[in-house]
Structure formats: C-alpha cells, structure tokens
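Enquirer: Chains A and B, in that order, give the protein sequences.
For the first sequence, counting from 1, position 630 maps to 630 in my numbering; every step adds exactly one.
For the second sequence, counting from 1, position 100 maps to 100 in my numbering; every step adds exactly one.
Everything labelled a hint here was simulated from the structure, so no lab data went into it.
Only a predicted model underlies this, so the values are computations on that prediction, with no experimental measurement involved.
Every residue, glycine too, gets a C-beta built ideally from N, C-alpha and C.
Do not rely on the hints blindly, as some may be mistaken.
So the derived label-pair ranges between C-beta atoms look like this [what the hints assert, rightly or not]:
#, chain 1, residue 1, chain 2, residue 2, range
1, B, Asp-64, A, Asp-348, 20 to 28 Å
2, B, Ala-137, A, Asp-724, 47 to 55 Å
3, B, Gly-144, A, Arg-676, 28 to 36 Å
4, A, Arg-676, B, Pro-114, 29 to 37 Å
5, B, Ala-40, A, Asp-149, 55 to 63 Å
6, A, Ala-314, B, Arg-141, 48 to 56 Å
7, B, Asp-64, A, Ala-168, 40 to 48 Å
8, A, Glu-628, B, Asp-25, 22 to 30 Å
9, B, Ala-137, A, Arg-676, 45 to 53 Å
Stretch-level coverage of chain B by chain A, calculated; a stretch enters the list once three of its residues show a Cβ under 8 Å from a Cβ in chain A [unchecked claim]:
#, region
10, 51-64
11, 85-99
12, 112-124
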Amino acid sequence: MPSLAFAAPEDALSPAVRQFYVAAVEAEASGDSATAEGGYRAVLRADDAFVPARLGLARTLVDAQRPEDALTVLGGAPFDADAVQARGRLLLALERWEGAYAAFLRLGRLSPESEGAYLLQAEALSHTDPSEAHERAEAWLGHPNSRLDAHAARVLVAVADALRAEDAESEEPASDRARLLLESVEEKAGSLDGHELLVDRLERYRVEERAQLLARGGSEALAADVRGQLDRARLAFAAGRVEEAHRALAPLVRAHPRSAELLATWADVQREQGQLDEAERALRVAAALEPLEAAHPHALGLLLLDGYGGKHAADAEVELARAARLRPGSAQIWVALADARWAAGRLDEAAAAYERARSLGQGDWSLRAEQRSAARPDRALAAEAPALEARESGLPLGYWVARVYAADGDIERALAELEALEGPAGPEIDELAGSLALTAGDLDRAELLYERALLSRPDEPRLLAALGDVLASQGRDAQATALLERAAKLPGGAAARLPLARRAFEGWKLWDAEAHLDLFFAGETGGPAYSEALVLRERVGDRQRLVWTSGVVGAGLLLLLPLVAVASRRRGQSVEQLIEASPGSFAELAPVLSALRHEVLKHNTSLLEPVADALERGDDELVAWANERLFGERGVVARFFEQCERLRAVGRRHGEALNLSHVDPLFGPALVEVHRLGGLRKDLERMRPGAAAALREIAQVLNRDTYAGLGRLLALGQRVAIHDGLVASAWDDVQAEPARRDAPPVPLVLDIDTGLFVRGDHTDLHDVLVNLFRNALQAGATRLAVSTEVQEDWVTGLESIVIRVADDAEGRVTTEQIRGRFIERGLGLVVDLVHRFGGSVSVADHPGYAKAIAVRLPRAEDIGETA
Amino acid sequence: MRVLIIEDGSEYIETMTRFLGEGIDWERAGSGPAGLERLARGGVDAVFLDMRFDRAPEGELLGDPVEVADRFNGDRVQARRFLEDHQGTYILAALREAGITLPVVLSYDFGNEPRRWARLSERFGPAAYLPDNASPADVRRALGSSVGD
C-alpha cells in the first residue's frame, strides 16, 4: 500500500481535539487499528477540514483491509492536494488506473506548480495509454524541479515497458521511443537513485532490439547449386576476372536478394567496377540481414571512407563504430574507425581509437593511414538499408536474445536465456546451446546437444563440424575426422577443411593438408579461422620444402612425386614480375610492402642480434620481452605471413598468381627465415643460448637483405620519367581523336628538362596530359606550350616538378574553382589523378599565353643519381 | 651522454633503454614543441629524432597546415598527412631556427634520396640518419660519432 504519511500542524486543533489526535497517531503506530480509527474519526467530527486526521483514518482503514472505506474518506477532501494524491495512489494500488489518473489530473490542477502530478499521471496512464503516459513522462522530465529517485525510475521504466509492448503489437514500423526515453533519463541521472535500474533496462532493450533485428532479418541460406555458382564467381573475382564474376553473380543476386553472403561478394565486385552506389546498397542490405556480423558495417564503412576520398567520413564513422561495437577485439576495425574520425577532423577521438587498436597489440594502424584514397567520385545518394519484410523464423525472441549475449561473450546470460525458454527445443536452439556448452567447457553436454540437433538436420555441415570439434576435444580422433570429412564434402562445408588440414599437417600428410587448405580458401573469405589458415599454409609450405630439400625422404619417393606437383612449385610470379606485368598493381602493393618494411621489420628484426646477445648472457627478462614481440599474436612472424597473404590477394585481383615461396627472389629467402624464426620460439622460451647463432643468421637476411629489397621494390614502381616523348604521345592521341580530324593544326611548344622523374603511374600521367590538351583545344586554343620546373620545399628538402600546360584560350577557370571542384569532367579527372599521387593542380599565369594549368607532382630521385 | 628521443610513440625509448642503457641516459619528448622546450633547458648532448608523427595531436605538429594544404588543392587531410609524414624535418628545422646546434640523428632511410639528404644535412647539420632497420648498436655508433666520441 502507498504511504500516506503527513506531518500534521497539530497546533491548529483545540487542546481536547489535539489529545484525540495524538492518541490516534500513537494507536496507529502501535498497530491498534480500532483505537486509531476511533480517534481519527473523533477528530474529523470536531474538525472536518483537518486533513492529517483524514489521511490517518484512510491509512488505518487500508491496514484493516477496507480500501473502499479509505477511498470514501479521502474523497471527502476533494480540494486538498495531499488527500487527492493519497486517493490516487490508493487507486493505483488497487489497479483502478482510470480513477487514479483522474485523481492525479485533479492533483495537477490543485498544484499546478508541482512536477509530481505529471509523474503520477504517467504511472497511471502506463497501464492504459502508453503514448499518453509517454507525453506525461516527458513533461515531468522537462520540469525544472524533476529529480530522479527510485520511484521516478520505476515509473519511467514502466512507461518505457508499456511503450515497447504497444509498439510490439502495432503494425507500424517499430519505433525506438522507449529506448530514447530511458536514454534521455540516463544522461541526466548520473549516479542518482534508480540509475542502476535504468541502465539494466536499457541494456535489455538494446539486446532485445538486436535480437529482433536478428530474428527479422535472418539471411537466406543458399542451396548447394547456388553456393557452387557463388564459389565459382568468387574464384573468378579472386583471379581478377571481374566481368565474369559480375555476370555470374547478377542473376544470383536477383534470385536470392536475402543472402548476405551473396550480397557481400556482389558489393566487392561492384566496388571493383566503380559502382560505389550499388556496392553501398548491397552492403546495407547485407548488414540488415546479418545485424550481428561486423564484416558488413566494416566493409560499408571502408567503402564510404575510401571510396569517396573522405567525403563521407561521418557516415563511414557511424558504420565503423557499429562494427567496432560488434567486434571490439578487432584492431583492424578500430583502425578503420580511427581513420574515419581522423578524416572527419575529430582528431582526439581518432587518437583514442588508434590507441585502442594499439592496445590490441596490432601495429599496422599507420599502414591504414597510408591507404587513404585520394579519389573523390561523387556519391549519388545516401543509400538507406531497405526495409526488410519480417520473416517468420519460428524461433522465440529468447533464442535471438541468447545469440546476442553469446555474440557479446556473455555465455552465462546466453545460457540462462535459453534455459528460460518454454516448449521443446529445436535444432537451432540445441546448436546454440551446444556451442555455449562447448565454450563453457562442458563437452559431454555439448556432445549431447549437437547429436540431438543432428537428428533433425543430419546433413548440416556446421553441426557435423561442431560435433567433430567436441569429439576431438575428447580425444576421439577417428570419429572426429570422419565427421569433419563428412561435413567438408557437404555444400557449405569448406570451414571443416581447416581442422582437417590441421590434422593432416600434424600427421605430416602435407599434400593432404595443402589440398584441404586450397579447398578452405576456395570456400571461405574471412572469419576468425581465416588467419589461422594463412599461418597453417605457410607452415605446410615450410615442411614441404624441408621434405624436398633435406633428403629425409628417399630418392625413390622423390621419383614417385607427381611431376605436376613439382612443376606447380615453380609456377607463378614474383612481386617484381607482377609489377612489370601489371603496373596498376603497384598502387595496391606499395602499402603492403611499406607495411612490411616499416611496421613489421622496423622495431623488430633490428633487435634480433641484441636478443641473441641477451640469450647468450642469460638475460631472461629481455628475451621474454623480445619473445612476445616476435611471436605474440601480433608479432613479427604472424604479421609477416599476414602481409604475404595480402600480397597474394593483390596478385589474384590482377589475374596473376604470386609464388612468394618458390619463385620470388626476395620473399623466398625471407619466408624461409621467418619460418626459422617461428621455430625458435621454444628455444627462446627455454633460454637456449644455442639459438643465438640462428637469430644472427636470420637477422642478416630479414634485417638487411629483405629490408633493402623491399626498399628497391618500393622505388621500382614509383618513378615515371617526364620527357618529350611522354608529352608528344599524349598530344598525338588527342590529335587523333575524331573531333580533331578536320581541325586546323595547333602548334605545341615543349620546354621540358631532362632527367626528371615523378612519383606516379605512367598511364595516369599520360591521361592527365591528354585531358589537359583536350580541354585547351575544346576551349578554342590555337597554340599550346608545355614546360617543366623543379621547385624545392625548404623544410623537408622534397622537390616537386611543376608541369605547366599553357594555352591562349580565353578561360575563366580559377584555382578556387578547382579546389571547389566547380570544374568540368576532364579537369576533374586530372585533379583526381594528380591528387592520388600527392600533387595539386592550379591555374597560373604564363608569359605569352592566357593561362597555364600547373600540375605539381612530387619528384622522385633517380637512385643512380649522386648527391 | 644524455640523448633526447623525440618520437610520438614509445617504441624507441623502450628499445633504447632496454638495449642501450649503459653509458647513455635517455629521455623522451612526444612532439616537436615538447622537444624544443626540453632542449631549451639544456643538459642534452644529442637528439634522436623520429620522422613520422602520425599519433601526435594536431596542435602539436609543427608546420603551417594552411600553407601545406595549398600544395594539395586545399585538402587539409592530405596536408595533415604530409605534416605527419615529414614532421621530423619540421622539428629539425625548428631546432636550428631556435639556435640549437646539437647533433641530430634522424630515423629515416634517405638511402633512396641522396640528393635530398645532401640538401637537408647541409642546411640543418650537424645531422646523420639511420634507416629503420638500424640495430641498437648502429644507433650507439651513430650517436657516438655525432658527438665526437
């Protein structure tokens, strides 16, 4: 029952009546209801307007289980705010919501300056009209005297709960007004009473909202034949056959618009083809279909950030922040988020995100900064995720809530949520419970649950592989392998290839391991197991070389090796060959090579020799420190392999297979040494001084040869010579265009220094000149001149080459217009290309001509030059 | 010998104090302004200077971002990146402008840019450079030679 306590102005009573009142109060306090009732009634008979007695009498009647009488008594003072409030509270306690609301409305009129009535009205209305209750709650929140306490928190939570219930029943699109209400209170509440209740409820709302999204937007599972087509499209894309991938995917996407996996691949292809809007749309749909998958907002954020040259950094940040919430342990995502904040000019927040990435032990964050694209195409629309029609999954919300908790790593809550489910468990619930049990280390229970799920879905590769994991953990290897092999042969079972590869590797069945890994990479494009697979592939290659070269296997066995397998070792290209065959690949290779040189080797392999010294003198503290730096999760060994895989991916995108281990003269020896380094981990852990010599040998290769070789590779693709021939070639191309065939000849004067190199790409530079020439001629130029000039920056010592294309056409383009991109397309392309090389475009005066477009590009030194 | 490391991270100070603690007292400053302030107090024999400062707060980067942005068609993002990537030279120039003539060892590989290094060392010397793969022993040698040991 609500409290009706009131401090009485007893002095207003006559002495005799006051005695009755005091006696009644004492009787009420001692639990003597009959005496108390008599006393209060006596007071009221003497003074009907003495409200404390009326309140006391009502309390006594409520205690005596006579609430109707209490209501009558309180109703006798309709103009007293305390009595009206007490009556309203009593009606609330009696669940007579409308009567309570009427009482609190009256209270509001009697005490218009008081904020309390709004809250009480909201409390009453929360049971009958949540929307109206919401308005009253907002009115209370907006009142300057409103203060959060435990009661207010309870009321606000009740209102929010009522809003959610109303929204759940509505056919309108779900709103987030309940969450917003509590969030607005949470901001104000700080550590006040009731704050904890608000926080708990808000967390629950957020979990439920994610669970509802999950339930509503579940991605479509692809049938085996469709998956096969998707896999072929992926392989085509990975091999650089983008058009072929596009043709294969387009009908699939139309036929299966709810497959997040398809859409994510489609987005990759679209992006590669420059269709950024379509890529963005596909990723937004994928994100809606799989709201708990961080890969989609991550990819979307990167697209928004890199695809538009930072113009949509704010939108990118929203997506990347979502990805970071979904996968807070991914340094890669934090780096991308930091980049987005940085591009948006929010440097402190960017620094915090970089720091977060750093704290996760990954050091390649600066590489990402180097990769910020300079291209700035316009974004046609701010694509929104289309509303997905709800799909009936048949699973209770609790299942989805448990998945949300599981995704957040809160196994205990996830299990509690599943245990609270009513009705028989289906295979999905068993599978989830099984994975939770496995995570919690309860192998027997996990086995039971997976087996039960398999009764309903005997051909689900995920279930088979999961059960295989459980059995392997129990040491039942033969059964585990049989299950994994069965899973791997089923459509969508590529993930099972990794544990099979691991087993084959451990059993020195290296060709089997390689075959399993090939199939794994053909079917998987990411996920937590991907990195492990990369490392395993390197280790398999390492052992294969050992088998090949050490003579451990006999000559007879060598002869039996299939010749094709031998030949395959020599197939593929080196990085340098890739650059020669596909110069456009350099822009993608350079950041990876730079990362290898500056992030992987720097601060790491330079320490190998001093670590060897420390090992010999027994400095265990220093060796332990180095051990982590070399072999930790983000140590030099793992990162080297990771970057090598990125190089291979660049090769695939350009239709070339890189063979770093066997063909590349730089990476082959480097990989051998990185493998050797990886093999020294235990020696360092056990402080074996014998490993010092090996460390020094490895240092010779990695820290000197590899480092220098990477520098040479980086220098290789960055230089383009500026000479008359380059300019003449562009000029000839423009002259050969149909529009110029019947035009009068235009003289071109060249004044180009020799021996100049710029950083950039030959084709792009040619395109820059073609566009500048074409623009000038279209503007009516009758004579042109091209000249070069070298300028130097005093502080950095860097030189720029300014290429001036002067013409006599009357034009009104200005440097400001170029900066604001108020320019026609040809010049816009020039700006984009030049921007990509770190240069600039401006308008300058030129003696004898109307103007000149000045293109400034960073100068590259000829390595053969001397100071 | 007391050496001031100017770097935006802590990799060098961590490595140097671990591997080159004997005979050298190391100090760290996290930015150009902080380094200038420390050097103004004296007592430092040489400076070990990182080149790239991509973790330094914007306000602590030396160089005029507006002037640099002019070179990138007004793009402040590229300008900021340029200042970060070449911050070591900005700090070096500021040291000399402030009259600080201590020897400086720059951690940057000028091996592919000999003409640039020739200009910088003539302009802002005494200075030497060490590539990223320099070992602690290389650092000791370079510092020793820079102070005439």
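Enquirer: If a hint holds in the structure, say so; if it doesn't, say that too.
Expert: Structure-based check of each hint:
The hinted range of 20 to 28 Å is satisfied by Asp-64(B) and Asp-348(A), whose Cβ atoms lie roughly 21 Å apart. Distance hint check: the CB atoms of Ala-137(B) and Asp-724(A) are about 49 Å apart, consistent with the given range 47 to 55 Å. Checking the proposed 28 to 36 Å range against Gly-144(B) and Arg-676(A) shows it holds: the Cβ atoms sit about 32 Å from each other. The hint said 29 to 37 Å for the Cβ distance between Arg-676(A) and Pro-114(B), and at roughly 34 Å that hint holds.
Between Ala-40(B) and Asp-149(A) the CB atoms are about 56 Å apart, so this pair conforms to the stated range of 55 to 63 Å. For Ala-314(A) and Arg-141(B), the hinted distance range of 48 to 56 Å is satisfied, since their beta carbons lie about 49 Å from each other. Checking the proposed 40 to 48 Å range against Asp-64(B) and Ala-168(A) shows it is violated: the Cβ atoms sit about 58 Å from each other. Between Glu-628(A) and Asp-25(B) the C-beta distance comes to about 26 Å, which sits within the given range of 22 to 30 Å.
Taken as a hint, the range 45 to 53 Å is violated for the pair Ala-137(B) and Arg-676(A), whose Cβ atoms sit roughly 22 Å apart. With 6 residues having a beta carbon nearer than 8 Å to a beta carbon of chain A, the region 51-64 of chain B meets the requirement of three or more and the stated coverage holds. Requiring three or more residues with a Cβ within less than 8 Å of a Cβ of chain A, the coverage given for the region 85-99 of chain B holds, as 4 such residues are present. Only residues whose C-beta sits within less than 8 Å of a C-beta in chain A count toward coverage, and the region 112-124 of chain B has 10 of them, enough to reach three; the restraint holds.
Checked against the numbered hints above, the structure violates hints 7, 9; every other hint is satisfied.
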